[in-house]
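Undergrad: Here is what each chain is made of, one letter per residue.
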Amino acid sequence: MDKMPAWADAVLVPLFSIVLAAILSALVILAIGESPVEAFKLMVEGALMRSAGWGYTLYYATNFIFTGLCVSVAFHARMFNIGGEGQAMIGGLGVALACLYIPWPHWTVALMGATVAGAAFGAAWAFIPAYLQAKRGSHIVITTIMFNFIAAAVLNYVLVNILRPPGAQDPATGPFPDATHLPTFQQMFSTAETAMFRGAPANVTFFLAVIACVAVWLLIWRTRLGYEIRAFGHSETAARYAGISPVRITVIAMLISGGLAGLMALNTTMGEAERLVMNATEGAGFIGIAVALMGRSHPLGVFLAALLFGFLYQGGAELALWTNIPRELITVIQALVILFTGALDNMVRMPLEKLFLAMRRGNAT
Amino acid sequence: MDLDTLIQVLDSTIRLATPLLLACLAGLFSERAGIFDIGLEGKMLISAFFSAGVAFTTGSIWLGLLAGMAGSLVLSAIHGLASITFRGNQLISGVALNFLASGITVLIAQTWFSQGGRTPSLPEGARFAEITLPLAETLRPVPVLGPVYADLISGHSILVYVALLMVPLTWWVLFRTRFGLRLRAVGEAPEAVDTAGVSVTGLRFAAVGICGLLCGLAGAYLATGLQAGFVREMTAGRGYIALAALIFAKWRPWYALGACMLFGFLQAIALRYQNIDLGAFVVPVQAMDALPYILTVVILAGFVGKAIPPRAGGEPYVKER
Numbered sequence: 047m048d049k050m051p052a053w054a055d056a057v058l059v060p061l062f063s064i065v066l067a068a069i070l071s072a073l074v075i076l077a078i079g080e081s082p083v084e085a086f087k088l089m090v091e092g093a094l095m096r097s098a099g100w101g102y103t104l105y106y107a108t109n110f111i112f113t114g115l116c117v118s119v120a121f122h123a124r125m126f127n128i129g130g131e132g133q134a135m136i137g138g139l140g141v142a143l144a145c146l147y148i149p150w151p152h153w154t155v156a157l158m159g160a161t162v163a164g165a166a167f168g169a170a171w172a173f174i175p176a177y178l179q180a181k182r183g184s185h186i187v188i189t190t191i192m193f194n195f196i197a198a199a200v201l202n203y204v205l206v207n208i209l210r211p212p213g214a215q216d217p218a219t220g221p222f223p224d225a226t227h228l229p230t231f232q233q234m235f236s237t238a239e240t241a242m243f244r245g246a247p248a249n250v251t252f253f254l255a256v257i258a259c260v261a262v263w264l265l266i267w268r269t270r271l272g273y274e275i276r277a278f279g280h281s282e283t284a285a286r287y288a289g290i291s292p293v294r295i296t297v298i299a300m301l302i303s304g305g306l307a308g309l310m311a312l313n314t315t316m317g318e319a320e321r322l323v324m325n326a327t328e329g330a331g332f333i334g335i336a337v338a339l340m341g342r343s344h345p346l347g348v349f350l351a352a353l354l355f356g357f358l359y360q361g362g363a364e365l366a367l368w369t370n371i372p373r374e375l376i377t378v379i380q381a382l383v384i385l386f387t388g389a390l391d392n393m394v395r396m397p398l399e400k401l402f403l404a405m406r407r408g409n410a411t
Numbered sequence: 006m007d008l009d010t011l012i013q014v015l016d017s018t019i020r021l022a023t024p025l026l027l028a029c030l031a032g033l034f035s036e037r038a039g040i041f042d043i044g045l046e047g048k049m050l051i052s053a054f055f056s057a058g059v060a061f062t063t064g065s066i067w068l069g070l071l072a073g074m075a076g077s078l079v080l081s082a083i084h085g086l087a088s089i090t091f092r093g094n095q096l097i098s099g100v101a102l103n104f105l106a107s108g109i110t111v112l113i114a115q116t117w118f119s120q121g122g123r124t125p126s127l128p129e130g131a132r133f134a135e136i137t138l139p140l141a142e143t144l145r146p147v148p149v150l151g152p153v154y155a156d157l158i159s160g161h162s163i164l165v166y167v168a169l170l171m172v173p174l175t176w177w178v179l180f181r182t183r184f185g186l187r188l189r190a191v192g193e194a195p196e197a198v199d200t201a202g203v204s205v206t207g208l209r210f211a212a213v214g215i216c217g218l219l220c221g222l223a224g225a226y227l228a229t230g231l232q233a234g235f236v237r238e239m240t241a242g243r244g245y246i247a248l249a250a251l252i253f254a255k256w257r258p259w260y261a262l263g264a265c266m267l268f269g270f271l272q273a274i275a276l277r278y279q280n281i282d283l284g285a286f287v288v289p290v291q292a293m294d295a296l297p298y299i300l301t302v303v304i305l306a307g308f309v310g311k312a313i314p315p316r317a318g319g320e321p322y323v324k325e326r
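Here the protein sequences line up with chains A and B, keeping their order. Those letters in the first sequence? Residues 47 to 411, per our numbering, in order. Those letters in the second sequence? Residues 6 to 326, per our numbering, in order.
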């Protein structure tokens, strides 16, 4: 018998974790001599009360949806892909190459092409760790960490020595051609009278991220492959007994995971910067870990958690602008969320389970 | 390359290898006891900050060192709580602690010093001074050996020598004491240790604590020995390089010394030369940056000698009921 009903496991445990993280964050804000209430008001004001704020929130959320899905898919196969950052970097390289060297007639076609390129490059970067895990038993966490650093070195080399336009100073590619520019929310939703999402970087990629959520849900819960991935994640021996090849599932799950991370680059590289810069990922690959843990590896949960983190990011930027609270506060909140929803899960779960058991006993008598 | 250049490169190799070595030995204790620790980076970072901050405020490097080690120990305690007491995922806990350190150091630094998330430069007394070993100047005129002794072996801060001494000490503790035997056993077969009536929890907490102390030394050296003050993200991936070195060394103290020296040498070369012209082709500086990680992946892949981690590593221990 389960100790807790499923809804409590899916909703209450993450909720309690978030409340704990929020309380601790408020204490941190108090400790550095600011008011948590004022800070929260400012964050809501800056991130949610204006359409431009929403434009930033959704822009960040788009990144986190992709990286959150990336980590989730790997989690379903019981693998911890910590390499989303590196896979997104290399995905960005694929997007940049597709945008720079193929003469696209229109942004729709360019987006499709860049999607394929970004996903392919991201997946390729995940392939070696996946293969080594499947065939040689090398721990995927360690190899993907190493591949993050190798990706940074590769990207640095390519940008500085190959893709940088002659005479340019900063390590970045030249601007992408006009035909590859994606429509932003400002262009899509503004009418002649009212400008919406003014200056915000949110763009059409957001809808791609939503489609990705649906696609991942379909994949994990409605296809044979998804079933195999989940079965493998639950019990490798049982999966093997059922004729599921561990090598195949490990590699495929990681390829999908890496591909999703690579797609994140569409948003930052093609949608926002319109050129490839050195630090395009801005740590979003790691935030994907927090998003996936909080969203319980379910696409809907990932979507909501990504929105929350988008809000935190945009709100954090507002805080840094108007108060003495640096942006790093968001890093602390992110750490607390990972700690409570991931590592200290049992600390939240055990008392709740006891509570439910006690209630059940009370009903029985 | 003449002798002077060689000595300079090797000298900076020793300096750069010291924080790696301390962090690597820290990880060695933890992982040998079956607790994976990818939070070495965060512990070093928080110790770097607190050692620099306290050393600047009090003017005493020793108080700074203590503060740094205390900060690192706090993170260790959280890691122990999450991964031993609450049987959580050790890897996720490590990731969380790295972020915690990266955020909280800048946050406190900004509130404390208002210098954009850094500490002010440390004055002379608040840093570890360089120690001149006896007879260094007298022996300098001796050809080859003189400069090697005076510049390479002498003239480092105390923590460098501590780090080097930690290697035989770690070896002795792990392989020649009862505590070490039990610690290794708890990483291989905790149920056996439990059966023998020794506390698995206690041993693992002890290992995690030692890991915190050593990371504290590593971070303090970074901010008060290698550099004069804390800047944001100053560990710059060193915790992960130490982790790589640990795997490269196959979880053994003497191998760890070799691996850290090798990775320190690569860093020293990358620092000194940008691109290395080998005549036929040029080795870009990025290749030097990536080499420790590539070597580790190759070792992990088991193509050149297999790296086998402690058997119970990463597994929370649950007593059978």
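Be careful, since some hints might not be right.
[What the hints assert, rightly or not] Below, simulated DSBU-like cross-link-like pairs (lysine-lysine); rule was C-alpha separation at most 35 Å, straight line:
(1) A:Lys400 / B:Lys324
(2) B:Lys255 / A:Lys181
(3) B:Lys324 / A:Lys181
The set of hints was computed from the structure by calculation and includes no laboratory data.
Undergrad: Taking the numbered hints from earlier one at a time, note which ones the structure violates and give those numbers from smallest to largest.
TA: none
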